[in-house]
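Colleague: Using the hints provided, position chain D relative to the given structure of chain A.
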Amino acid sequence: MTSLHNNNKIKLGLVIDLDICVGCHACAVSCKEWNSGGHSAPLTDLNTSGENPDGVWFNRVHTFEILDEESDNGYTLNFPRSCLHCDDAPCVTVCPTGASYKREEDGIVLVNPDACIGCKLCSWACPYGAREYDQVEKVMKKCTLCVDKIYNSNLPEESRVPACVSACPTGARSFGDLGDSNSQVSKLVEERKGVDLMPEQETKPVNKYLLPKRRLGNTRNAPRMNNFNNLENKKLNILERFVDKILS
Amino acid sequence: MHPAKSIILFTTISGMGYGLIISLLIFQIYVGHTLSFISYFLTFVVSMTLVSGGLLSSTLHLGHPERAHFALTQWRSSWLSREGVFAILLYPVIAIYTLLFYLNPDNRSLDALSIIIILIAIATIFSTGKIYSSLRAIYSWNTELTTFNYLALGGLTGLMLFQSLLLLMGYNLANVYYYLIILIIFSCIGKILYWVRLDLNNTTTNKSTALGLKSQLQVNLLESPHDASNFLLKEMGYKVARKHSKKLRKIALLFAFILPLLIIFLSIVLNFYHITILAFLFMIMGVFMERWLFFAEAKHSVMNYY
Numbered sequence: 179m180t181s182l183h184n185n186n187k188i189k190l191g192l193v194i195d196l197d198i199c200v201g202c203h204a205c206a207v208s209c210k211e212w213n214s215g216g217h218s219a220p221l222t223d224l225n226t227s228g229e230n231p232d233g234v235w236f237n238r239v240h241t242f243e244i245l246d247e248e249s250d251n252g253y254t255l256n257f258p259r260s261c262l263h264c265d266d267a268p269c270v271t272v273c274p275t276g277a278s279y280k281r282e283e284d285g286i287v288l289v290n291p292d293a294c295i296g297c298k299l300c301s302w303a304c305p306y307g308a309r310e311y312d313q314v315e316k317v318m319k320k321c322t323l324c325v326d327k328i329y330n331s332n333l334p335e336e337s338r339v340p341a342c343v344s345a346c347p348t349g350a351r352s353f354g355d356l357g358d359s360n361s362q363v364s365k366l367v368e369e370r371k372g373v374d375l376m377p378e379q380e381t382k383p384v385n386k387y388l389l390p391k392r393r394l395g396n397t398r399n400a401p402r403m404n405n406f407n408n409l410e411n412k413k414l415n416i417l418e419r420f421v422d423k424i425l426s
Numbered sequence: 082m083h084p085a086k087s088i089i090l091f092t093t094i095s096g097m098g099y100g101l102i103i104s105l106l107i108f109q110i111y112v113g114h115t116l117s118f119i120s121y122f123l124t125f126v127v128s129m130t131l132v133s134g135g136l137l138s139s140t141l142h143l144g145h146p147e148r149a150h151f152a153l154t155q156w157r158s159s160w161l162s163r164e165g166v167f168a169i170l171l172y173p174v175i176a177i178y179t180l181l182f183y184l185n186p187d188n189r190s191l192d193a194l195s196i197i198i199i200l201i202a203i204a205t206i207f208s209t210g211k212i213y214s215s216l217r218a219i220y221s222w223n224t225e226l227t228t229f230n231y232l233a234l235g236g237l238t239g240l241m242l243f244q245s246l247l248l249l250m251g252y253n254l255a256n257v258y259y260y261l262i263i264l265i266i267f268s269c270i271g272k273i274l275y276w277v278r279l280d281l282n283n284t285t286t287n288k289s290t291a292l293g294l295k296s297q298l299q300v301n302l303l304e305s306p307h308d309a310s311n312f313l314l315k316e317m318g319y320k321v322a323r324k325h326s327k328k329l330r331k332i333a334l335l336f337a338f339i340l341p342l343l344i345i346f347l348s349i350v351l352n353f354y355h356i357t358i359l360a361f362l363f364m365i366m367g368v369f370m371e372r373w374l375f376f377a378e379a380k381h382s383v384m385n386y387y
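So the sequences go chain by chain: A and D.
Going by our numbering, the first residue of the first sequence is number 179, and it counts up by one from there.
Going by our numbering, the first residue of the second sequence is number 82, and it counts up by one from there.
Isolated chain A (complex conformation):
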């Protein structure tokens, strides 16, 4: 059923601390490894040794440079992007077949691969690009929050967290119940004023992000912050100025 029930008490999700994420991609790789054999397996890869490799990943780590022109602060931001298991998940309500659903018991958003017709509308509806289409299986795939790991009683209790959380070497990823205001993750979000991504899209994400704390010391431009695109910042010699003048 692709209508949302909106009454989950338990909201399992992740809290991602962008202050300590070092952008090592361990979460993304670990996710790929676990889920290649998990609930939505396989995560098909195409042309792996060719020029244009392609494949399904549930987690993608972007690195941005952020420049605050007002305070002249610059910093690098590593940003892991994955499904936020939204309370108001637009990917679920657009699904015509009922393949896309949000679990009532814990709020995890999943795809039933046997009912998916591969129309891709859910990937259009998700503002975050959390869903990736499997060109070989011809169904939509997405983060399962490692539903087959977090409830797996064959694993020791400390391992019953999503693969990305197990893998993170800096402890930037925390997993827990964000519907319980007394849980560790909820307290962390409250303490650090965790934020939603694109709150204006009104998807009510369960996953929260913790922004970098205010930097101490010399906060002027981070090493990569010089704007090399702007020629006027550079001192040009006569020849360069001449070429620049002709070309522009």
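Fair warning: there could be bad hints in the mix.
[Stated by the list, open to error] Simulated pairs of lysine to any residue, SDA-like, Cα-Cα distance not exceeding 25 Å:
hint, chain 1, residue 1, chain 2, residue 2
1, A, Lys382, D, Glu225
2, D, Lys320, D, Thr284
3, A, Lys298, D, Pro146
4, A, Lys365, A, Ile328
5, A, Lys316, D, Lys86
6, A, Lys298, D, Ser305
7, A, Lys391, D, Leu302
8, D, Lys211, D, His83
9, A, Lys298, D, Leu143
10, D, Lys295, A, Glu247
11, D, Lys315, D, Leu329
12, A, Lys210, D, Asp308
13, A, Lys371, A, Ser344
14, A, Lys298, D, Lys320
I should point out that these hints are in silico values taken from the structure, not numbers from a laboratory.
Keep in mind the model is a prediction, meaning the values are calculated, not measured.
Modeller: Just chain D, lined up with the frame of chain A:
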């Protein structure tokens, strides 16, 4: 957004088919069954071919067409599902109408059935428009102007085709031209308003909100998560048209609205109505381009991460 040929074909062709059904049945009610059954039946076959061809074409872009019937189950929440339900519903109702019309062409109580069919056809195009206009992640589509454009262009191309078919079957009704002129003007205004809104780019989603940053900062991608392309970039990262969009829009407006309008005026002045078939051909080309631009110009919010 990537302009998939199957979806462009589906939305234009089936929109025109539904527009033709609506035009045909309104004509039946208005003029009182003056069409011979053969003329009715020919128009009916053309419209059903367009509608069914469009539906088949739309299933071509599915990963699992053999499961397409599942798509009829979620009409409570999904506009795509509603579109499917209305599309299927039309077939038995119009089949009954056609049979009853065949048995008794003078049966005016059939008008009630016509109205039901017209409403189903409108509901189908409306649902198609709603599929796109309800997507908040794509600013350019997230407006009721999108739904209006789908309805207006479906109705317009349908009526234009109906007019051409009437001419070919030896009917000539001056009234139809006035409705055509009005529809062309309304559709054209709707499309221009759509583009004006698109250019205003009044979206609150940007690179800063995408990262949860409170104030709007300068955000540049330093390292992409992947070197090669991926599904997201192929499906949502289509950029070719945006470079030439202004020129292409003018061409689309010219072919879809301005040339057909001029030809219709000319045909009235010259009292030579058969040249309106040319107007139909121009209009189809223009609407194809309009639909291509509809996809190619649309920017998805995920591109804020790239």
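Colleague: May I ask which of the numbered hints given earlier this structure violates, with the numbers listed in increasing order?
Modeller: The structure conflicts with no hint, since it agrees with every one listed earlier.
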